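**Student:** As a plain string of letters, each chain reads:
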Amino acid sequence: MTVTSASPQNTRLMRTLSVLRDVVSRPSGAIGLFLVVFHVVLALVSPWIVPYDYKAMNSAMMLTGPEATHWLGTDHLGRDVFTRVLLGGREALLVTGIATPIAVTWGGFVGILFGLIGGRIDEVLMRVVDAFLSLPWILKMLVLIVTFGTGIEVLIPTLAFFYGIPVIRIARAATHDVVARDFVSAARARGHSRMTIIRHELLPNVLDTLMVEGAMRWSWMLLAFSSLSFLGFGVSPPTPDWGLMIADARGFMSFAPWGVLGPVIALSSLIIGINLTADALAKALGIDRAQKAPV
Amino acid sequence: MTGPLIDIRNISVGFTGKSGATLPVLRNIDLKVNAGESIGIVGESGSGKSTLALAAMGYLKRGLRLMDGSVAFQGQDMFARTRTELEQIRGGELALIPQNSGQSLTPTLRIGAQLVEALRLHADVPEAQYSAKAIELLGQVRLPDPAAIMTRFPHELSGGQQQRAAIGMALAGEPTALLLDEPTTGLDVTTQAHILELLRDIARDRGMAMVYVSHDLGAIARVCDRVVVMYAGEVVLEGSTRQVLKTPIHPYARGLLASIPRLSDPRLPVALDGRPPAPGGAGQGCSFVDRCALAQDGCRTSRPDFERLPSGEAVRCFHYQEAHQLSLTGSGAIPASLDGASPSALHLDDLAISYRRPGLYDKVLGRDSAGVPTVDGIEITVAKGETLGLVGESGSGKSTILKAIAGLLPPSGGKITVAGGQALAPEVEHRSPDHLRKIQLIFQNPDDSLNPRQTIAQILEQPLKLYFGLTGDALHQRSAEILDRVRLGAHYLDRLPSQLSGGEKQRVAIARAFAAEPDLVLCDEVTSALDVSVQAAVLDLLNDLKATQGTTYVFVSHDLAVVRALSDRVAVLYQGRLCELGPSADVYAMPSHPYTEVLLGAVLEPDPDTAPTLSADDVVELSPPAQGCPFQRRCPRKIGRICDTDTPPWQQGVKDHTIKCHHSIADLAAAQAEGAAGQRA
Chain A
1 MTVTSASPQN
11 TRLMRTLSVL
21 RDVVSRPSGA
31 IGLFLVVFHV
41 VLALVSPWIV
51 PYDYKAMNSA
61 MMLTGPEATH
71 WLGTDHLGRD
81 VFTRVLLGGR
91 EALLVTGIAT
101 PIAVTWGGFV
111 GILFGLIGGR
121 IDEVLMRVVD
131 AFLSLPWILK
141 MLVLIVTFGT
151 GIEVLIPTLA
161 FFYGIPVIRI
171 ARAATHDVVA
181 RDFVSAARAR
191 GHSRMTIIRH
201 ELLPNVLDTL
211 MVEGAMRWSW
221 MLLAFSSLSF
231 LGFGVSPPTP
241 DWGLMIADAR
251 GFMSFAPWGV
261 LGPVIALSSL
271 IIGINLTADA
281 LAKALGIDRA
291 QKAPV
Chain B
1 MTGPLIDIRN
11 ISVGFTGKSG
21 ATLPVLRNID
31 LKVNAGESIG
41 IVGESGSGKS
51 TLALAAMGYL
61 KRGLRLMDGS
71 VAFQGQDMFA
81 RTRTELEQIR
91 GGELALIPQN
101 SGQSLTPTLR
111 IGAQLVEALR
121 LHADVPEAQY
131 SAKAIELLGQ
141 VRLPDPAAIM
151 TRFPHELSGG
161 QQQRAAIGMA
171 LAGEPTALLL
181 DEPTTGLDVT
191 TQAHILELLR
201 DIARDRGMAM
211 VYVSHDLGAI
221 ARVCDRVVVM
231 YAGEVVLEGS
241 TRQVLKTPIH
251 PYARGLLASI
261 PRLSDPRLPV
271 ALDGRPPAPG
281 GAGQGCSFVD
291 RCALAQDGCR
301 TSRPDFERLP
311 SGEAVRCFHY
321 QEAHQLSLTG
331 SGAIPASLDG
341 ASPSALHLDD
351 LAISYRRPGL
361 YDKVLGRDSA
371 GVPTVDGIEI
381 TVAKGETLGL
391 VGESGSGKST
401 ILKAIAGLLP
411 PSGGKITVAG
421 GQALAPEVEH
431 RSPDHLRKIQ
441 LIFQNPDDSL
451 NPRQTIAQIL
461 EQPLKLYFGL
471 TGDALHQRSA
481 EILDRVRLGA
491 HYLDRLPSQL
501 SGGEKQRVAI
511 ARAFAAEPDL
521 VLCDEVTSAL
531 DVSVQAAVLD
541 LLNDLKATQG
551 TTYVFVSHDL
561 AVVRALSDRV
571 AVLYQGRLCE
581 LGPSADVYAM
591 PSHPYTEVLL
601 GAVLEPDPDT
611 APTLSADDVV
621 ELSPPAQGCP
631 FQRRCPRKIG
641 RICDTDTPPW
651 QQGVKDHTIK
661 CHHSIADLAA
671 AQAEGAAGQR
681 A
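Those sequence lines, one after another, are chains A and B.
Sequential numbering from 1 applies to the first sequence in my numbering.
Sequential numbering from 1 applies to the second sequence in my numbering.
Hints were generated in silico from the structure; no laboratory data involved.
Keep in mind that this is a model prediction, so the values were computed, not measured.
Hints are not guaranteed to be accurate.
Every beta carbon over 10 Å from chain A, so not counted as near; a handful from chain B, in silico [claimed, not checked]: (1) Thr84; (2) Gln99; (3) Leu109; (4) Arg200; (5) Arg242; (6) Gly413; (7) Gln440; (8) Asp448; (9) Pro463; (10) Asp494; (11) Ala585; (12) Ser615; (13) Glu674.
Pairs of lysine to any residue, SDA-like flavour, derived with a Cα cap of 20 Å [as the list claims (entries may be wrong)]: (14) Lys465(B) / Leu87(A); (15) Lys403(B) / Leu87(A); (16) Lys55(A) / Arg21(A).
Where a beta carbon is used, it is the ideal one built from N, C-alpha and C, also for glycine.
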């Protein structure tokens, strides 16, 4: 037994580091994290490294195949596909990168609160959540978008709101497991306020689940955003976006597949990356139920 | 057949640690079990006793592997057999009875179906006779109405009945040896005593060998001929039950025996300091060296052999001849006790608690639907500085009463008042900060009562910040002081609960309660989750704190010996009703309430010369009777109709000793003296 002299902050930092090390040491975690970091870095620096102007049309070079000057060919307006693929994730990452933390925070808070309160109010809330989840997501979102219009200022709150609702469910279930334990009873018996109990007793024990859930939500939100763009409710042209690019290029898919292939590979590699990371994170945090300790 | 039935030779079992090194869980163990013999394997948690028992079946848990040695059953190597052969032997010739049968029985199959399956696999009986044979087996394990039990699902049986059904299943294959892994742990004392008698009788009648794994020396004393004491993966002592329990020649065995609280001894048990080495942590020397009072330099550098003595004992110690110097019982402290009258610290006034809430319909119709309350008519006054013990079997409402005092479970009737005659609000949310601070609760299992995500410092800071508003250096300093008071150093502050041993965790839980500087501490089975040697240290600590702080305790436990060691007064509960209340010395002496008599009679002492008396049937009641005496259905001294219809009156004994019974004290005294005389004869 070694004697360590670390402050609580250090203890927490050490745990974070060891979890990170565990994630990276798994093949899925290493590949996943690489893909995610790659996409995020690319989104940050792409405006300065792209070979062409993404708006520049060229009527002489419409739907040409991949070649030395245009690595992924050109689209129906003669724009460079490679340039547009490099830039096409910026909007999606910005919107989902802001909306995901908001969704996890509000959904997590409501879920923990109702998990703690329990009783009839909790039952009623859950039925409301069920009712909400039973509607197709695209329908719910389109109602809001049609009412308030498109654009980031509508998309972020809309995605954050709808993707927070399933988080309520997860946070509540995780809280139920913790609430039954004696340390919560002990805190109640000491007379701590509800907010203190949530902050000190419940949140630290639910946080792992919320982080994994957050990562999963992020990947679904990316898909939803791209779908909205595909349907024409997301980013407006000529801003490059993967969903929009797929929609534009899909008519020419039979003879110019590069227009679709580029954005599809980009989008799926990001989503696969997030999923792999979430998976490795769940295993590193010990949430994954399929994997049990050997002894 | 000649030779031993089970022959374990020099086995070592280990697993690969994180560093890649092989860490041993069992080290060089020799064990022989002859036909018809019952052997007890005793040791504390982590000593490897269950691993050894499973290894006897040729089974190792995932991650473990056999490093050396061999295990033979009926002369054949178990680890060399094929899977089909093992399937034949396991559950047939060699059967296992696990600790918790409620979990090992299939929940979706009726008891009958499970028994028939065991018969089909392992018994030599024609198919047409399966169900008759199954009923016969259930009868042999003394289950009432075997034919009806056949159609029940496991959850419809009580814990004791499930264990009997599991024993019946194990007997289906006519085993020559039975492995029992803590088979009575978690059962009530009376049930445990009945199961042990059953096992003894069955083993004797069938000439069956038994390997009985337990931490409970009392149970071992009752059923075993020979005992093997394990410590840190080694067998340190082997001998007849009498030799090991009466005159043990290994220092660890002596320390273990001294740490067990006894009914006959009002002194506190002696703690065994330190903790066993982790797997692979035992150095070159003796594994017990760090905790041994006889240790010398030589014990650190070389490991003692397992030496067989002419007396039939075998011991792994260099200095076994000096072991008799170590006390077996006794030198423990006299518990701090209250002398003279003292003002009341807590008064429970006709307390009633009901788990059932009135439904919506009942509310609308104004019906009283609460039915018979779980706990009723509890009237107790606890004096300042006094320790009140609450004892009873599971379901007696003892923890429920504690929760009501703590405000976690609002009572359905009656009042709780604290010092100065102030009534406590029923719900914790409505209590004043001063009341909240003065009453603190310590839970059974520190794994559950300490937040795994908080460091010890954060855990201790909670009450200090809440009640005293401490911050910064003052907060840190106070936390260290409090830890010191429970004999833990300040370097524990930055650890997480998972980095502490069970006993250390419970000390932190105690420290957290005492951080509030409470007047009244409620202890809910605080030692039940701990090993005996650790339990003694915790009892000692609680006693010390009581002496120095003048704290009042309400101490709940199912273990009558533990309650005796710490309590000034004892209240005996059955089905949420008081049976007996009085100074502990008087309650533990005769005459007592018939239920107390049954409870005390069933207690197993680690002494081969004492036998439990089983006077009442082993029946589990799910709800108290609507009227009359709560113990009417099981009472061995039942008078008649009056017990069914009238609530028994309080019978006054000497001093404050009172018994709630229709018998007068004089009648009970005469009847119990007669019973004791009959036993002796």
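**Student:** Starting from the hint list further up, note which numbers the structure goes against and sort them upward.
**Tutor:** Violated hints (numbers, rising): 7, 8, 9, 10, 14, 15 and 16; every other hint is consistent with the structure.
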